[in-house]
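Protein chains in written order, with UniProt numbering: chain H, 1 to 284; chain P, 1 to 109; chain D, 1 to 138.
Wrong hints could be hidden among the right ones.
Lysine-lysine pairs mimicking DSSO-like chemistry, simulated, CA-CA at most 27 Å apart [as the list claims (entries may be wrong)]:
1) D:89 x P:30
2) H:234 x P:37
3) H:255 x H:186
4) H:234 x H:111
5) H:243 x P:30
6) H:234 x H:119
7) H:243 x P:37
8) P:10 x H:111
9) H:231 x P:39
10) P:24 x P:14
11) H:234 x P:6
12) P:89 x P:10
13) H:234 x P:39
These are computed hints drawn from the structure, not numbers from a lab.
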Amino acid sequence: MKFKPMSAIAVLALSVPTLGMADADDDSLVINGEIEIVTKAPAPAHLEGALDEIMSGWHFRDDATQAMEMDDFDNPGMLFVENAMGVWETVDGSEGKSCASCHGDVAESMKGVKAVYPKWNEAAGEVRNLQMQFNDCRTNRMGAEAWGYDAGPAKDMEALIASVSRGMPVNVAIDGPAKAMWEKGKEMFYTRTGQLDLSCASCHEQNYGNMIRADHLSQGQINAFPVYRLKDTKLTTPQGRFKGCVRDTRAETYKPGSEDFLALELYVASRGNGLSVEGPSVRN
Amino acid sequence: MAEGVKPRVKAPKKAAAGETVTLKTLISHKMESGQRKNKDGSIIPRSIINRFTCEFNGKSVIDVTLEPAISTNPYFEFEAIVPEAGEFKFTWYDDDGSVYEDAKPVEVA
Amino acid sequence: MEFSRRDTLALGLGAAALTVLPFQVNAAAEDAIAAFTGGADVAEGGVNLTAPEIAENGNTVPVSVEAAGASEILLLATGNPTPGVATFKFGELAGSQSASTRIRLAGTQDVVAIAKMADGSFAKAASTVKVTIGGCGG
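Generate coordinates for the entire structure from the input sequences, incorporating the hints supplied.
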């Protein structure tokens, strides 16, 4: 556990009951009694000097919220995974194909995929996240219409693809042809924006573990995305969350599905290299 | 029938005669409270699951009346006695008149 | 902060009222309780109500009720626009007179459970749940 000077003051103030929660806890996460999730890990080399340890946002939630993620039946995010299972098997488009026509059993064929995305696609010559890859399949192989970015079925499918990799270590490549985009994402992470003049790092690197109003600041890891937020009872993807964060700095936000947010998604994903894929998770 | 409503039940497949077992149920439903307003300021009408029942071989285990304060995707966990082999029957009643059902057989070892 | 004599008096009265009525509910909740009990006396104890002291989000608050020997348990959120939450009726094959669910709370308030016992008597339990407002976009 790591305290910064400000958090020491916050903890002192809060150790007088009422809000007994302040820093990340030491609980451990096992899903369905069998999938062990690495929720704390040594920070990847590229974070040297910034963070020593990386932590899933799960540690920053209270016990009741944490418990909802420990059993798929209790996790409302799994309802969306079930929706996507139906879509996986459903033929759509002019070619008469479903996802299953090419990829078979999702639990087999997609195992490990979420762990390495966003990822450089050599044939296309671009970095792609999962939703971009879905639409490549839909338009080029299935002859179906592309899903809008963060449209219901796209988020559901992202949750399904994440769910079959749970427990596997995030391992996003940051070298080679993806490097330029990763550098751009890194610059965005540390650039202050908005009337509040906050960067991602202001909250999620310099102040994680501290309170922001009545809530806890996490490290802003996205290993557990998509998340089912109790607040709005639906799934949120990394780029959807980025939009909320940037808006909260009182800045004009980038658009989910834009190249800017793709760069940020790649960079933030790489900050979680070593944590387990955990989505769909449950957060407040 | 409201869209996307799907019941889920977690129940043991086997039990000893007379054993007390734990049941969990979840149904995907928005549980529109009737308190919210849409963008033009008018109230979004209430649309909820208003009753949930569980029976085993025709005998009642639990009968729940739900109000709009039950969260989206209503979740219940409770216990039942399994006196003999048979079937749990779960029924959800929607404001719109729809009835959703699920059943889980239980073997007695 | 400065208190006028009137404020101080009002505060004192409020505190006195709280002391006399630790179990304060609004009129709608009182009506719901009266409808359930038919105006009968409600004893303290015999009911277990488990709810978080602090809920991270009022939209989904886990609660459990238990009252051994109860035929029904009424669950109320006294600070909601309408206080009703759920009524659990236990049948002959209930394994226990207990149930867990997830509820919506409009803000910090008392959650109340009233059990109707098999002999027709009533018992209650109450628990204050603080509902926090999230930091970001909450």
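Checked hints:
1. D:89 x P:30: Holds: residue 89 of chain D and residue 30 of chain P sit about 24 Å apart, inside 27 Å.
2. H:234 x P:37: At roughly 19 Å apart (the allowed maximum being 27 Å), residue 37 of chain P and residue 234 of chain H satisfy the hint.
3. H:255 x H:186: Distance ~18 Å between residue 255 of chain H and residue 186 of chain H Cα, so the pair holds.
4. H:234 x H:111: holds (24 Å)
5. H:243 x P:30: holds (24 Å)
6. H:234 x H:119: Satisfied, since the Cα-Cα distance of roughly 26 Å is no more than 27 Å.
7. H:243 x P:37: holds (24 Å)
8. P:10 x H:111: holds (25 Å)
9. H:231 x P:39: holds (19 Å)
10. P:24 x P:14: Roughly 15 Å separates the two Cα atoms, so the pair holds.
11. H:234 x P:6: holds (16 Å)
12. P:89 x P:10: The given pair, whose Cα atoms are some 12 Å apart, holds under the 27 Å limit.
13. H:234 x P:39: holds (19 Å)
Checked against the numbered hints listed earlier, the structure breaks none of them; every hint is satisfied.
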